[in-house]
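Participant: Residue numbers (this note's numbering), protein chains in the order written: chain A, 26 to 386; chain B, 26 to 386; chain C, 26 to 386; chain D, 26 to 386.
Read the hints as simulated data drawn from the structure, not as lab findings. Treat the hints with care, since some could be wrong.
Just so you know, same-sequence chains aren't split out, so a pair can sit in one copy or run between any two.
Said to hold, decoys possible - Result set (EDC-like, lysine to aspartate or glutamate): computed pairs, CA atoms no more than 20 Å apart in a straight line:
(1) K97 / E52
(2) K223 / E170
(3) K251 / D161
(4) K223 / D79
(5) K30 / E222
(6) K369 / E149
(7) K251 / D378
Bear in mind the structure is a predicted one, so any value in this text is a computation, not a measurement.
Protein chains: 4
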Amino acid sequence: MATKKELLNRPIQHLDLAQHNVVPLVEAMQHMAYSARDTARAANIYDMMLRDTDCGVILCLAGSLISAGLQKLIVTLVRSNMVDAIVSTGANIVDQDFFEALSFNHYIAGDEYKYGAGDAELRELMIDRIYDTFIDEEELRICDETLHQITNSLQPRPYSSREFIREMGAWLVKNGKTPQAGSKTGGRDSIVLAAYEKNVPIFCPAFSDCSAGFGFVAHQHERQGKPMVSIDSAKDFYELTQLKLANPTTGLLMIGGGVPKNFAQDIVVAADVLGVDASMHKYAIQITVADARDGALSGSTLKEASSWGKVDLTYEQMVYSEATLALPIIAGYAYHKQSASSRKGKQWSQILDKVQETVEV
Amino acid sequence: MATKKELLNRPIQHLDLAQHNVVPLVEAMQHMAYSARDTARAANIYDMMLRDTDCGVILCLAGSLISAGLQKLIVTLVRSNMVDAIVSTGANIVDQDFFEALSFNHYIAGDEYKYGAGDAELRELMIDRIYDTFIDEEELRICDETLHQITNSLQPRPYSSREFIREMGAWLVKNGKTPQAGSKTGGRDSIVLAAYEKNVPIFCPAFSDCSAGFGFVAHQHERQGKPMVSIDSAKDFYELTQLKLANPTTGLLMIGGGVPKNFAQDIVVAADVLGVDASMHKYAIQITVADARDGALSGSTLKEASSWGKVDLTYEQMVYSEATLALPIIAGYAYHKQSASSRKGKQWSQILDKVQETVEV
Amino acid sequence: MATKKELLNRPIQHLDLAQHNVVPLVEAMQHMAYSARDTARAANIYDMMLRDTDCGVILCLAGSLISAGLQKLIVTLVRSNMVDAIVSTGANIVDQDFFEALSFNHYIAGDEYKYGAGDAELRELMIDRIYDTFIDEEELRICDETLHQITNSLQPRPYSSREFIREMGAWLVKNGKTPQAGSKTGGRDSIVLAAYEKNVPIFCPAFSDCSAGFGFVAHQHERQGKPMVSIDSAKDFYELTQLKLANPTTGLLMIGGGVPKNFAQDIVVAADVLGVDASMHKYAIQITVADARDGALSGSTLKEASSWGKVDLTYEQMVYSEATLALPIIAGYAYHKQSASSRKGKQWSQILDKVQETVEV
Amino acid sequence: MATKKELLNRPIQHLDLAQHNVVPLVEAMQHMAYSARDTARAANIYDMMLRDTDCGVILCLAGSLISAGLQKLIVTLVRSNMVDAIVSTGANIVDQDFFEALSFNHYIAGDEYKYGAGDAELRELMIDRIYDTFIDEEELRICDETLHQITNSLQPRPYSSREFIREMGAWLVKNGKTPQAGSKTGGRDSIVLAAYEKNVPIFCPAFSDCSAGFGFVAHQHERQGKPMVSIDSAKDFYELTQLKLANPTTGLLMIGGGVPKNFAQDIVVAADVLGVDASMHKYAIQITVADARDGALSGSTLKEASSWGKVDLTYEQMVYSEATLALPIIAGYAYHKQSASSRKGKQWSQILDKVQETVEV
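Whole structure, please, built from the sequences with the hints as guidance.
Facilitator: Rendered as structure tokens:
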């Protein structure tokens, strides 16, 4: 039987968008069929979205993407003004991105573990598995505990996940978990940090459903009967809707489906509820392998979303692919085409800080 | 072009578990292969889960299930003591179940609409589409507005989704939306009502991500700078964890994946964070068509969850099927075998009411 | 490590259509959504197909169906005049159906073998695995050798697979592998036998691609330079086309996709090539989980087939389900509705015997 | 309504492997997870397969690949000694590759046609659809008729598909359908031509199941009672097995599943039947989106094949992706790594010509 050290010896390494100029490949793929052509069309829509400088770009993340080697790619999108807001599952942002920001790694699992043959053994060793990837559960517990401490450090009141994640970014800066601080502190770049520095808000609409949730449970347990931090999912929705009001032209780049997809689509209706005749999302891309035929939202087509008045039909594209293959191609095309060269970054966190001030008066 | 009335003329009708004795079919399927055998094994595990009267049964709902005709089946599970808590997407509970409780219907869409050919036309008519099903968007707006009013009627403070949904149940009783009130008020049975009456708590961990969210946005917009209702997702997680502490033996019946699956699995770890050495979920069933190979949680195997210490390996079964086919067979088996005949219902809402009192001291 | 005997101790048992009256279930499912409604509609189309006594029903089989417990169901369809011709992969007919007719069984594999963890061990024991099912490779070699002997016993000339499979039926009768011969010879009913007795032709368009192929290779190796049996796939296509010419109204009940689906659809075009303006298949049902988005035929929609002029648009239904769940419901509905009560069986083998005579003049 | 000319105005263009150096991308992907890592590992196995100069490489093709823009890529593999034999569905080789060799094109279909909305209209215009691709049915009829003429020109006897396809190659040369003949004759390079010139045998084990089948039906209809061409699928299997005997080390590069996958895997067993203790396929790669959970062969894992003694466990990799995305990466890696630089091409057609001579003595 392998030791824990032996099992955790090949770290996942993150793909660097800057190293792979896929522009000619995309140009070739647009004359083909199936996923190749869909991927090329998605890349072109992302290019259009970025060249339309009025457009605010919302990146949606579902599925275990950071653990799969896509962290650096997303950091690049944030730092290159190619994304204005992120809506994500908690796992991507906390358990995976923030976790790596704490200097921990994900590890490559041998093929023999993929289908569950070694899970009892992994349990013994406190190794958690995501398909073909390993995580050291003891390190994950440190992540949980860090979130607990951040929660404890906050003034007791309801927070949107966006506000909380901003505090996580501040914590990284304060604790030297930055590339600048570098080797002394094991600091690296991360999505939470980049978004903090670039004023890109991050929303996790089901924020308790991740490592942060364990911190919240511990916090609320200790504070029973006293003022405590709470995580207001309504506030998340309110804030994201404010962005739609402030910036009517929007586009969605969605990796996977789930809550992030639904949440980001719904702000068009929410704006309407607030009495503003908001335009549908003008551009929309989704990368997924989810099937449409079970009627679940994750695989539902963007055409279906147009019947709800959420997504415009003109520039929408579903891409049927696992994300580690399609996202480097779609994002890489826009990166190497310099589609965002005229963009400055919307600094949306600043809009929301103003909303916050109003609210707190 | 069809009129709205023509398009909305064939209501979805809900399957009645009591009418279909599938016990012999399940007994035949256990000697076959593939999904038939998996379905039979899942049915047997559900039977075991119910006969193990110590076991608290948590039903997880993701995907558009109520709109698909599964409302009555789930009501039957609640009323027959076959479920002790529900963790769901907001859409199932609010946009679909509560929506039907308001006397509205979902409608059968003609096959020609399934792939999006008529979505522009549907948009014009204010008809929303879920794959092969239609919804009257004007009725949905009434549902949104009802939620807005319920929100406004509450004392301003952070609520768990569970507390809020209980208020929705109370509203149904108060407004005659019950089978007893019957024809005068258009009242029908619903999951929200049955759960209210049977003290079965319902959690929606991403509660803003549904029709209720529109009500919250309107509410918080009006209350800016004033005390307001907030939806505390941390409290959801805290409460569900309390149930695990109060009732250590648990089983999961999961339809689809997404946030509900992750959330319900995670309470084992959360209990551990609170210093209690909680046992893994002893029984676990998941019905899904999600693929395992993209590494996303929805399709991840229950074996994988065992590496995280969340699900025990002994009695777990993945069923690869769209839910409208598999759930009537699995639930119907346990119903007609009277697997729950010795169960009284855990009345878990009462445990949580006590937690609430402590908190509010 | 388990012994071979221990591993092969739970035989697959075949579902008996007659035991499960699913008519009420189908009637309930037609008012639901997704696969439930699709299954109900498919059941109704099969009912219509059978009541339209002009219609010749072609059953297409792909995937490992017989090993999964569907043998008896298909035998029932043949014996109840619910099928007039079969187009299949070789594996279903030879390696699985004929194999069981030789008194061998398929066996239930433990869940731990499903994902390949024990395949090296199985190799040692000469146990072959189909997902969750085991086969004794030594018994399969006897099946191969039986086919070799049947091949050797034939007059050397080109045979359609249909002619050859008819000889396999004759061999079963001659060797007492029938239910009548019973316990003395281990005889059981089988698709090959029932089709032989009911004059239902069976075609395997890629007939070498199965256990029979091994017999052919051995036969042709021994006969090098001498007259030998050959398997004329062109003749298969010619014969199936003759059936379309003799019986213009046709319907397809397709389980899985692959070659059988394509082959059966193509006879409309082939008839056209022979100068006959053949009508498209009037009814068509396909049960499959194959995805449409990779452009492969197996998952291609029946609408797509209509663009080729192969399948009529009016009565076609794709059912998204693994076959062990959906086929018992679809076939069971028609069986218990007695949809075929006015049918006598088309005796299509007799038409082809006449074609054969002409050819051999 | 669009005219036929308007609908058929954007030809599919084939990706040129030589233009896209994906080596750095593959090197990055091997440190990621999911399909990226699987794709990288498959690329590495293909590299190993080619550097092992003893290894005969068998390329299996299922799904509509040529129509999707992969023709030139496969031609490049053949002309660069990266493939020694091909096992394919008939559609890829005849309806698509030979069809394009006749100077016809496949065309890009607008997104609105993808799900079947325009199929009735397409039928009127004699346009056939493959998911998002159009074919001119009148041109396809010319292809059918060409095959009919080639069939008529042959000496009446049983042919393997391999022999017949070689005649198709000869026909292309004779009729100036070559790049050399060029603009005068509309000649282009094709798989059938390249394989003819490079002595790479092509097998279509279900050869009637394609455009060629229509030619065969017409031919056999005209020759009733006279000597005729027949297509001996047994001979295909015998010939492919001879290659395994002559060249014991083999590797499989499989695109899709179906008959080609099964057929190529089975030659290990067939060799055994001929009394030769053949080694399993030493290397095996399959690109597919087929699900494993329905037990069908197309999605069955290569580990499962190892239980049958067909594929060695050491160097096998399933890649979960639609082929237009994964194949350019896998094949491009080996091409740009010059993995085949020490290979000369096995000239396997010459081995089979000798087998043929023996047989015909």
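Participant: Now tell me, hint by hint, if it's right for this structure.
Facilitator: Hints, verified against the model:
1. Within a single copy, K97 and E52 get their C-alpha atoms only as close as 24 Å, which misses the 20 Å cut-off; across copies the closest is 16 Å, which meets it.
2. Proximity of K223 and E170 under a CA criterion of 20 Å is satisfied in neither setting, with 27 Å inside one chain copy and 37 Å between copies.
3. Taking identical chains as interchangeable, the C-alpha atoms of K251 and D161 are never at most 20 Å apart, the minima being 34 Å within one chain and 45 Å between chains.
4. Taking the shortest Cα distances, K223 and D79 sit within 20 Å of each other inside one copy (18 Å), while across copies they are farther apart (52 Å).
5. Taking CA atoms no more than 20 Å apart as the test, K30 paired with E222 passes in neither setting, with 35 Å inside one copy and 53 Å between copies.
6. In the homo-oligomer, the alpha carbons of K369 and E149 never lie at most 20 Å apart, since the shortest distance is 50 Å inside one protomer and 37 Å across protomers.
7. Taking the shortest Cα distances, K251 and D378 sit within 20 Å of each other only across copies (17 Å), while inside one copy they are farther apart (27 Å).
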